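Engineer: Each protein sequence line maps, in turn, to chains S and G. Numbering-wise (the numbering used here), the first sequence opens with residue 5 and increments by one. Numbering-wise (the numbering used here), the second sequence opens with residue 3 and increments by one.
Everything labelled a hint here was simulated from the structure, so no lab data went into it. As the structure is a computational prediction, the values presented were derived from the model and not from experiment. A hint or two may mislead.
Below, in silico cross-link-like pairs of lysine-lysine (DSSO-like), each with a Cα-Cα straight-line distance of 30 Å or less [stated by the list, open to error]: (1) G:Lys207 - S:Lys28; (2) S:Lys62 - S:Lys28; (3) S:Lys28 - S:Lys95; (4) G:Lys207 - S:Lys62; (5) G:Lys207 - S:Lys95; (6) S:Lys95 - S:Lys62.
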Amino acid sequence: MSDAAHAPLTAAAVDEQILAIVAKEANLDRALLRPEARIDELGIPSLDMTMAVFELEKHFDIEIPVIAEQPGAEFATVDDLVSHVRGVLSKAGRIAGPAA
Amino acid sequence: MKQSASAAPPCRVAVTGLGVVAAIGADVPAFWSALTDGACGIGPIANIPTERLGSRLAAEVNGFDPAAHFAVRRLPMLDRATQLALVAAREALRDADFGDSDPRRSGVIFAAAIGQETFDSAYLELYGRNAARLHPLTVPRIMPNAPASHIAMEFGLRGPCFATASACASATHAIGTAFHMIRSGQLDCVVTGGADASISVGFMKAWEALRVLSPDVCRPFSRDRAGLVIGEGAGVLLLESWDRAVARGAAIHAEMLGFGMSSDAGDLTAPSADGALQAMQAALDDGGLDPGDVDYVNAHGTGTRLNDRTEAAALRRLFGNRRVPVSSSKSMIGHCLCAGGGLEAVATALSLRDGLLPPTIGFREADPDCDIDCVPNVARAVPVSVALSNSFAFGGLNAVLAMGRA
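The following block holds chain G by itself, in its conformation from the complex (with noise of 0.2 Å):
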């Protein structure tokens, strides 16, 4: 590890608390079973009408139950997104034991996810079923920053609380902020991460529009990947300042090293390898590392033909003829946009606590395009020291994490 006088950190962070709910696994526990043993999430959709649906197949949370975690009158308060954020943000809390905190410094930075299934209900109820009026609630309930607010609310965090919009990248744009400002020393601790339940009709119809969605499940850097697909859930992080986390004996998972960004300012939706590199650059840089100390990587890895070929390549140009293990989480919990960044930001801090890396699944021919170690099929037990977490979304954002074992 490079030693470097300017990039040396003025405070350490520490990842204290993880949270989790996904389609394989309704708790940390469970999803990082399913996730080393890969398990596929991915199945014929169960909670919305597919009779319009082109492609009929989600990674979903089913078996969640809204009134076996919120009070009655709580709820109407909540769209989907937020009640998924709050049960991982309370079981993020309670693994790191959490305790008191100085309000003031004690943030919430969040995933901006936007409440589709309020979204697609009212406007169901009211252009579809002529509705005279809409629930009081709609507005707050779709707001973007609804899940950032409600974390703080229900745990009394005063400090800086919002919500970060990158589509894809934005839970890891929200890390990486959080990361930043307990690192200069503004903040003792953040809640952070993301949420996503964007699983309504109209969305997935607009999805379908932009013919990236997979016919089969998701089969990222196979030769034969068909398309990407679209899950739900959260993924939430405790960072703490180091110190913080030891002086009260907190467990620590991982440490956050270093947070590259770059937007590609070039193409809409198209990704682009130069982008990602100097995400992945921007990330070791930040963290004083370079890329001979990176032994695993969560990838974007969404399964189209476009983004697997460009991030291939982007590796392939940091780490030259070293096979670094890259894998893809997409092919288990489908793609969580605004959530994914949160999902596999918790998926690479396990990684380097156990030594173990989730494989890609689904995964059936090399394609000479990826000429990568996707860690086919089977997860493998290997020691990880420093790991890379990559999110590259809509719009040219990219945004990668370093993460190195505690």
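With the rest of the complex left out, here is chain S (with noise of 0.2 Å):
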């Protein structure tokens, strides 16, 4: 990854970033992903879960814990997986501005 690469992102950017990357890897039209989507409801299998968070992690260069409460199914709904990686980027100082 480049420096440029790093530079901080707006909340709305990295949100769509995200989304594209989980609608590519389930195989699912962007548009299903609405935050209370939940994953079992859009039949998403938990090794694509896994697959998109690894993807996530390549393409924003960070490292996005287990949720320590519930790994195994970590995210229920869209919007967990979002805010999650939102909030790992956010406390890297990754988001231009306050954090959404």
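Bring the two chains, given one by one in their own frames, into a single complex with the hints.
Structural biologist: As structure tokens, this is what we get:
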């Protein structure tokens, strides 16, 4: 990753990039990934979620820690994943302005 | 017990020898005492560097001194998994007071386990330290049949010898295949089970990437379970034809009754209740048994949200409203991967022999998704006539043993 890749992003851009990666890994239409949509109801297999997190780690060059309270089914909804990744990026100072 | 002429086995099969190396005990008496005391073998990793690991817990075999068990000239041939296998196999054959057998009718069917310690350290030398050459015994140490081959060589067993590969069900597939080969009259006796020593930096990082490792201990079937913990060890059984065991006056720990297998043919890693149920039913059918005959199940019980929920659903479908005690030894010995089914079959044989069910430790809160009696935290004395031992592997491979009191 170049330094440019680590320049702060807007919260909206971060959300957009996260959702684009999840849509690609889950082979789903991006429009289905509404914040409240449940991962199980979208039919995303657990391995696809793991792959999506791996791709997100690569894309943002960050480590996305396992949510200690509930590994194995870490994210119930799309927003659970987006919020978790956004939180990690925010902590690393990678989101411009106040965290969304 | 259902008596069906078509399922009547031509040859009964006895379990006459048991051997173990595990985090909670270096031999069968220590293992069984710790397992029924609810001792936890999970702790901070001590045998490998942990700086790069996110999860630093495992159920390691500590205090194992290879030099105490093997001659100096032999040690370079043996990966840690093979060392553990040989130590457990020696105990099993001593336990059985094995004596002489027809070598051509004596086999070894053992879990295929890659020599991870060798694999990891060799490639660290090559890629990490730019070594010009690797040790000439790297290949025979890594090969997944190494434990089987070394057992055959040490004891002069010249019949069929091979390794079964089904990841975390490997040992159970080995034991079930050994059972079938004796039952059908092809062999008199088989050394079987599994060994695994995969706690290497590379392999732990690979597990970490799957996001299923517990940051805490392993709490199977508990609502707050947080994943699995990797373990290592070996569990070995000597199986022999019932008539041979009786004729030589052997002490019989348990009887092998049935073996069932299935493939989910679905998801690569997510388990299937249909596949688990099909394998349990197949094991019962193979032994001419009904679900109503079963008094205890030694569960696969990894402590992941998905496995435990799925296994519990399969058990509920098998037993209906009857609450059969089900416990997970992995709460104490960790997930010993290719060795898991071997260690758990030893535990199941001892449960049958002693009428004592090891608990599921670390249990804190009932989970409505796992509505089973998981023998929480404290062992239970109950006579057991028939027990199942479940193993379900990545790749959707399921194997179940049905065992009976001798």
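Engineer: Now tell me, hint by hint, if it's right for this structure.
Structural biologist: Hint check:
no. : hint               : result
1   : G:Lys207 - S:Lys28 : holds (25 Å)
2   : S:Lys62 - S:Lys28  : holds (14 Å)
3   : S:Lys28 - S:Lys95  : holds (26 Å)
4   : G:Lys207 - S:Lys62 : holds (16 Å)
5   : G:Lys207 - S:Lys95 : holds (24 Å)
6   : S:Lys95 - S:Lys62  : holds (17 Å)
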